[in-house]
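Novice: Sequence:
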Amino acid sequence: MENVILEIGTEEIPAQYMENALKDLSQLAKKYLEEARINYKEIKAYGTPRRLTLFISHIKEKQEDIFQKIKGPSYSIAYNKDFQPQKPAIKFAQSTGVNVEDLIVENTEKGEYVFASKSITGQPTVEMLSRIFPEIIKSMQFPKSMRWGEGSLRFIRPIRWILAIYGKEIIKFKLNGLDSGNVTFGNRLLAPQKIIISSTQEYLKKLKKNYVVVDPKIRENIIKTDIEQIIKEIGGEEIINEKQLKEVIYLVEYPNAILGKYDKNYLKLPQDVLIVVMEKHQKYFPVFKNKNELLPYFIVIVNNSKKNASKIREGNENVLRARLEDAKFFFQEDRKVPLEEKVNKLKNVIFQEKLGSLFDKTERLKLLCDYISDILQIGQTMKKDLLRSAYLCKADLVTEMVKEFPELQGSMGNQYAILSNEKKEVAGPIFEHYLPRFSEDGLPRSKNGMILGIADKVDSITGCFITGLIPTGSQDPYGLRRQSRGLIAIILENELQISLKDIFWKSLSLYQESVLVELKIDLNEIISQILNFFQQRLKNFFLEQEIRYDVIDAVLAVDGDGDVFVIKKRIETIKDLYDQPIFKKILVSSSRVLNLSKNNQETEIDPLLFKEKAELNLYHDYKGIYSRAEKLIYNQEYKELFKLLGDLCEPIDEFFDQVLVMDQDRDIRKNRVTLIKKVGMLFNQVADLSKIVSIKEGRE
0 MENVILEIGT EEIPAQYMEN ALKDLSQLAK KYLEEARINY KEIKAYGTPR RLTLFISHIK
60 EKQEDIFQKI KGPSYSIAYN KDFQPQKPAI KFAQSTGVNV EDLIVENTEK GEYVFASKSI
120 TGQPTVEMLS RIFPEIIKSM QFPKSMRWGE GSLRFIRPIR WILAIYGKEI IKFKLNGLDS
180 GNVTFGNRLL APQKIIISST QEYLKKLKKN YVVVDPKIRE NIIKTDIEQI IKEIGGEEII
240 NEKQLKEVIY LVEYPNAILG KYDKNYLKLP QDVLIVVMEK HQKYFPVFKN KNELLPYFIV
300 IVNNSKKNAS KIREGNENVL RARLEDAKFF FQEDRKVPLE EKVNKLKNVI FQEKLGSLFD
360 KTERLKLLCD YISDILQIGQ TMKKDLLRSA YLCKADLVTE MVKEFPELQG SMGNQYAILS
420 NEKKEVAGPI FEHYLPRFSE DGLPRSKNGM ILGIADKVDS ITGCFITGLI PTGSQDPYGL
480 RRQSRGLIAI ILENELQISL KDIFWKSLSL YQESVLVELK IDLNEIISQI LNFFQQRLKN
540 FFLEQEIRYD VIDAVLAVDG DGDVFVIKKR IETIKDLYDQ PIFKKILVSS SRVLNLSKNN
600 QETEIDPLLF KEKAELNLYH DYKGIYSRAE KLIYNQEYKE LFKLLGDLCE PIDEFFDQVL
660 VMDQDRDIRK NRVTLIKKVG MLFNQVADLS KIVSIKEGRE
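Anchor point for the sequence shown: position 182 equals 181 in numbering that gives the first Met the number 0, and the numbering is continuous, going up by one each time.
Don't take every hint at face value.
To be verified - Keeping only pairs whose Cα atoms sit at most 35 Å apart, straight-line, the calculated DSBU-like set for lysine-lysine is:
1) LYS610 x LYS505
2) LYS59 x LYS40
3) LYS70 x LYS43
4) LYS279 x LYS173
5) LYS231 x LYS365
6) LYS365 x LYS22
7) LYS223 x LYS173
8) LYS61 x LYS137
9) LYS341 x LYS505
10) LYS167 x LYS245
11) LYS382 x LYS306
12) LYS584 x LYS446
13) LYS143 x LYS171
14) LYS288 x LYS306
15) LYS279 x LYS204
16) LYS690 x LYS567
17) LYS216 x LYS279
18) LYS622 x LYS245
19) LYS638 x LYS583
20) LYS173 x LYS446
21) LYS231 x LYS216
22) LYS231 x LYS40
What the hints assert, rightly or not - Derived Cβ-Cβ restraints for the label pairs, each shown as a range:
23) PHE328 x GLU543: 37 to 47 Å
24) PRO476 x SER138: 19 to 29 Å
25) LYS137 x GLU543: 45 to 55 Å
26) GLU34 x LYS117: 54 to 64 Å
27) ARG320 x SER438: 52 to 62 Å
28) ASP501 x ASP521: 12 to 22 Å
29) GLY472 x ASN264: 41 to 51 Å
30) SER138 x LEU189: 12 to 22 Å
31) GLU18 x LEU418: 53 to 63 Å
Hints are computed from structural coordinates only; laboratory data are not their basis. Every residue gets a Cβ at the ideal spot worked out from N, C-alpha and C, and that includes glycine.
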């Protein structure tokens with residue numbers, strides 16, 4: 000058994016797309032090989048900025064042989080009475096490539112039919128791969144792709160060469176005007192010449208010799224080891240941004256870490272400024288003395304040899320110096336005017352087309368924060384600070400620093416607020432209201448940061464839905480999914496009991512007051528769309544917590560307010576009760592009740608119309624627990640509620656066993672249906688129990 004290598008040589012692929020591209024390449028290879036009946040031991044996908052490599056180990060030399068049985072015509076038309084083959088049998092034998100005397104007859108559900116049995120010999124793997132590899136390449140999906148030259152193929156970047164080898168043999172195919180072969184290329188800077196690969200065994204060795212480390216895990220280990228060694232030598236603390244590391248891995252083919260230095264006077268700039276300049280804009284690793292203090296050093300990972308370290312260091316130090324000089328200038332200019340005086344400039348910055356300026360948004364945020372703070376009953380001093388934070392929270396968007404480095408929004412607002420002598424209780428939420436900015440980011444710690452964060456996200460989501468900027472498929476240009484997820488996380492983390500429906504209605508009313516252009520929209524439809532959007536986000540959120548889908552669906556089906564914390568409590572209650580006998584009993588009883596009450600209009604119960612003891616007992620038991628059930632629902636004591644509902648199971652069963660609901664007397668019939676409907680409504684206060692899958696199991 001041989002190994003196989005497919006290398007797709009490209010122009011430089013953006014680092015952020017590499018991990019998904021390698022997963023896609025690996026999964027497609029598995030799919031096509033399984034469909035082609037080609038066995039192998041292992042598939043690995045490697046990648047550098049200039050190549051995507053598929054490595055298949057111990058692949059069989061040919062497809063698996065298979066035994067195939069093909070159904071033909073019915074026996075009655077294939078053979079005559081003397082059992083001699085007729086024209087249909089002869090033609091069928093010819094079409095399947097078997098002798099007519101080798102046809103067999105078998106009984107089927109539709110009678111006797113003729114079958115042809117034949118063994119299909121597997122094709123050589125090399126021949127199959129020459130057809131499979133082009134399909135794999137054409138099937139790869141990217142967030143953005145392009146065409147080049149005269150070909151029709153779309154790919155993340157133009158393909159410049161294709162290497163395809165089975166052992167020592169070239170797997171020949173043509174794609175988009177390119178012929179596959181056994182040629183690859185080394186490091187673009189250090190060894191750009193052609194490299195002939197005579198066998199799969201020498202692929203990794205020859206590329207390494209030509210300054211290409213194909214395996215990203217090996218590059219990661221090299222980078223981490225180098226960084227840790229450098230940090231240790233200069234007495235820093237080992238703090239490495241893992242997200243930055245994952246990106247840098249795919250920026251280089253032959254990594255080397257080089258230490259650079261900058262003037263310690265730049266440490267007077269806010270730490271976030273230095274980190275953003277180094278990490279986001281230069282892809283450097285800052286060096287920390289401790290978690291809260293930087294050292295005047297940086298580490299750059301280069302796609303080059305250490306022989307050139309001195310020149311590389313000097314070049315990067317010059318680039319960073321220029322960047323930090325710009326940042327220093329912006330910082331000095333911005334500080335000349337207090338943050339408060341920048342707010343009016345927001346009138347000249349469009350928030351979104353049709354939705355006014357950022358100043359309009361600021362005014363809405365103040366009013367929305369006022370509304371939410373009343374719901375959460377915060378003190379007057381805290382409220383005053385909150386409204387001040389809301390007034391200032393977007394002012395840093397017109398500063399020179401944030402215009403140059405947008406990643407610093409909020410952070411610079413916090414810094415400039417402090418430098419403008421604002422209270423820390425005012426400054427902190429200016430930064431916090433943007434949290435979380437990405438998955439695994441922190442959440443606001445202060446109450447005012449939470450409220451301002453909720454208000455900002457609600458305002459943005461409402462505005463986008465008003466103008467029809469609703470996420471579709473993978474497209475979410477305004478990050479509404481991220482913002483809604485952040486909103487959910489803030490509410491749940493802090494156990495805030497608020498109705499999103501009420502807050503979105505308030506937000507919508509503020510848009511009506513602030514937006515000058517008349518918006519011809521159905522307000523109820525907008526709220527419905529927003530709540531449906533949030534329900535899907537909530538469903539995804541709880542599915543990630545490994546909650547059963549039917550439990551989530553059941554609770555969301557009766558949610559009318561969008562109270563996220565209450566939804567969580569209800570879901571957790573049902574999750575805890577799910578496998579308990581009492582809950583299964585409740586599901587069976589509620590099923591009987593809900594099926595009968597479906598599609599029947601509710602009226603008032605007339606106790607005088609009850610004739611049977613079982614219906615009277617059910618009525619009295621229902622009346623006996625109703626007020627207690629309502630109180631338990633109000634107090635969110637859902638486990639106690641289900642225990643109480645369990646007391647109705649026996650009377651319900653007796654009712655259905657002893658009472659004919661569809662009585663001939665119209666009034667009696669209607670009264671019984673009404674009783675059942677009211678009992679059913681009580682069962683469905685916390686969740687639509689008909690959506691629980693166990694309900695079917697309980698019936699069986």
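Novice: To test your reading of the hints: which numbers does this structure violate?
Specialist: The structure breaks hints 1, 3, 4, 5, 6, 7, 11, 12, 18, 20, 22, 25, 26, 27, 30, 31; every other hint is satisfied.
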